[in-house]
Structures are given as C-alpha cells and as structure tokens.
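J.: The chain contents come next:
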Amino acid sequence: MVENKDCLEKTDGELVALTLRSQDYYTCLVSRYEAKILRYIMRISSFSKEDAEDILQEVFIKVYRNLNDFDQGLKFSSWIYRIAHNEVISHYRKMKSRPTLVTTEADKWLKTIAGNDDLEKDLDRKFTTQEIRNILSKMDLKYKEVLVLRYLEEKDYREISDILEKPMGTVATLINRAKKQFREESKSGGPGNLNLNYERKI
Amino acid sequence: MATNISDKVIEKIRVEKITPKPRWQFRLKNYVFWTAFGASIIVGSLSFAVILHTAFENDWDVYHYLDKSLITYIFVSLPYFWIALLAIILAADYYEYKHTKSGYRYRGYLIVLGSVAISFVLGAGSFYLGMGKMIDEAFSRQVPYYHGMIQHKKEIWSHPEQGLLAGKIKRIIDEKDFDIEDFNGGIWEVRGNNIIWHEMPKIEEEVKLIGEKSSSCCIFLVKEARSWIGKEIKGEEEEDDD
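Chains A and B are the protein sequences, given in the same order.
Okay, so the first sequence: first residue is 1 according to my numbering, each after it adds one.
Okay, so the second sequence: first residue is 203 according to my numbering, each after it adds one.
Keep in mind that the hints were calculated from the coordinates and are not lab data.
What you were told as hints is all true, and nothing was included just to trick you.
Lysine-lysine pairs mimicking DSBU-like chemistry, simulated, CA-CA at most 35 Å apart:
1. Lys-49(A) / Lys-75(A)
2. Lys-179(A) / Lys-142(A)
3. Lys-231(B) / Lys-36(A)
4. Lys-94(A) / Lys-210(B)
5. Lys-223(B) / Lys-62(A)
6. Lys-166(A) / Lys-210(B)
7. Lys-62(A) / Lys-231(B)
8. Lys-62(A) / Lys-214(B)
9. Lys-300(B) / Lys-62(A)
10. Lys-210(B) / Lys-10(A)
11. Lys-49(A) / Lys-166(A)
12. Lys-10(A) / Lys-300(B)
A short list of chain B residues far from chain A (calculated; beta carbon distances all over 12 Å):
13. Leu-280
14. Glu-339
15. Arg-373
16. Ile-389
17. Glu-406
18. Ser-416
19. Ser-417
Ideal placement from N, C-alpha and C gives every residue a C-beta, glycine not left out.
Let the hints inform the model, and build the full structure from the sequences given.
T.: Okay, here's the thing in structure tokens:
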C-alpha cells in the first residue's frame, strides 16, 4: 500500500513511471488531480455533481489505460485536462440534449468568475453573478471553455493549446473572440435562457 | 469525496483487470501516420515532377497554328490527372500530419503550405533527374486511358493542314528534300528551299516541322524544323537578302 508521504515529493512524471511498475502508485495521481479535474468538468459542462463524478471516474480509467501514451515532453496536467475535456464532449454527444446550468454549482463558480481580477481587467469592469449567468448562457462552448481555462484554471496559452489540441494562434483568437462575445452579450442586456449552446469539437 | 473517487477508480481497475495499453500500440499509430505523411510527400513530389515535365515539353508557341487562343491551348494542355492527384495528396498530407502527436500545434494553412513547398523542391529535383518524363512514359505504356505527354504532342503535331507535322525521317535526298513517316503511318515528301540544318538530319530521327501543306498530295513545305524532344531548332528559314 502506498502512503501519502510517498507521493508528496514525487513529480507527475515520476508517478507515471512508478504506476507503470506498480498499480498502487496510481492513487497518488488520482488524489493529486481529482479535485481539480472535477472542478474543471463542472465549470465547462455545468453537469450535476453526480454526473461530473461519473465523468471524472471515466477520465481516470482512460488516463490509466493510456498511461503509456503520455509524452514526457508534455505537462501531465495538460494531458489529463485534455482527456477530461474530450470525455465531457463525448458525454454531451451521448446525451444529445442541451444541458442547463444547475443553480447550486453554477452560483458558486459564477461568483468566482465575478470576483476574478484578471477578467475584470480584461473586460473593463466587474460583472454580477446574474450578468455572468445570462451572458454565458448565450456563449458557445468553444468560447466558454477557453475563458474557463484562461481565467479560472489559470492556464497559459501553451497549456491551453495542449489541452484543446489547437494551435496557439487559434487559442489566442478564441480567447479574443470569447472576450468580444462576452462584451457584446453584456451590452445586449436582459436575462437570457439558461440553455447553453455547444459545438462538436473538430 | 477524495477517498471515494480514488477507491472507486482503483477498485474498478482491479475488478475489470484493466491494464495500460502497451507502448508499441501508440508508437505504431504515430509511425503509421508519419510514414503515410512521408509517402504522400514523395507521391506529391513525383506528381509535381510530371507537371513540370508537361510544362517544359509542351510547345507553347504553336497554339496559333491550331486556331486556338493561348488560354484555350493552356487548358487543353494541362495535365489534369496529375493536378488532381497532387490536390488529393495535399489533402492527405494535411490529414496525416494532423493525426500525428504534435500535429495540432500548427495551423492548417501552414501544414498545406509546408507540404506544397516540400513537394515543389523535391519535385523540381526529381524533374531534373528525368523522373517526370520516366513516369509519364511508363503511365502512357501501362495505364489504360492515360493521356500522357507523348500522345498530347503527337496530337498537336499531326495537323499538317494547319502547318504542324511530325514524324520519323525515312529517306534523305538532300538537306532540302527528305521523306518522313507521320504518326499515322502516312509518308510525306518534305521540301524547304531555305532550310539550313545545324547538323545534318539522320534516318530514323524524329522531328517536328512547321510549315504549310502543299496543294499537291503528301507534300509539306517546311519553314522550321525542330527536334522531337525539347525545343532545339534544327533548321529554320533564312531571310532572303536579295
């Protein structure tokens, strides 16, 4: 049995190598990433906590199956976020329905967005939780996810490129368009529907 | 929650005996796409070599003898098979590169431009080594319905009524009077009062002739004679100084 103290000082790359030798070390990686990945899943998908935990489990199973595909030239965090992102898209396709924001979880992270200093700086003003809810309800998933990665997960452009498997130039364009769409939606005003649009990942 | 998820995952791995996929499977997939990409680049380059062969071998200056505009003549002369193949190959290059591990890092247009540039450079090199001609001739011999450069040239130069005639020299009386057999098996008496040959014509040599069909049967009055291969002028009308 691997103790927590055995995990703490090991890097992600070392834990991957150890897991390939002994399955027990996988608990270290799971413990290290489960909170972050669950939060990320809920932020981009707005699924219920139960659905998000199911997806989280699938993510970790997939990570384990594909551990030999992990490239040390890439950050492990980018790789696991990529798998999580793809699983959310897969889940949307299986559901084939328009997901809605669930009030309890949405309120918590919408407050986080509302309080985000970088977002305030980039979009020139503070937004209320209700304003953000209304605006995001009208945004495409591809714009919503880059805003989440950039401002909430605090990923840099290279990491976002590795997660979404898009060129860095495209990432920069998406972020600019996301901010523009956010501003435009904020100017159009009025409460919108809580239905989220999404597009298939190309 | 933290312990619960971790325990569920480990339990599932143990119960379902899930194991990591072997490394060779991922490497194989990557190698397959890189190999396919490499093969596509080579095929694209060879296509480009044949396109260059067509461009250089064609006699672009004789279009007006055929009562065609230059634009029409260009459209008739284009090697559509190789252009279409090159377009398909470039699309394949894009798809194959995008499916490699690092393929997502570059924008689509950069991948296509890069493929075009590599095909151009390698294609030009292949053309210089004669591979464009070799491939075109091999396809002409072996591929049904393939309309290669040879057939195209033979068609262009088989219009004696419009002043274009080509064939093999069969009999030489002198440098102004010789017989040729055209590509349809017809025998022509070729006369040219002012032909001056840079080197004496030889029996069995193939030549292209620009001139005029005589009103008498099977006589062609030549103004300019060229090698069948390339554009070297063998003999041309000299201006009358008198």
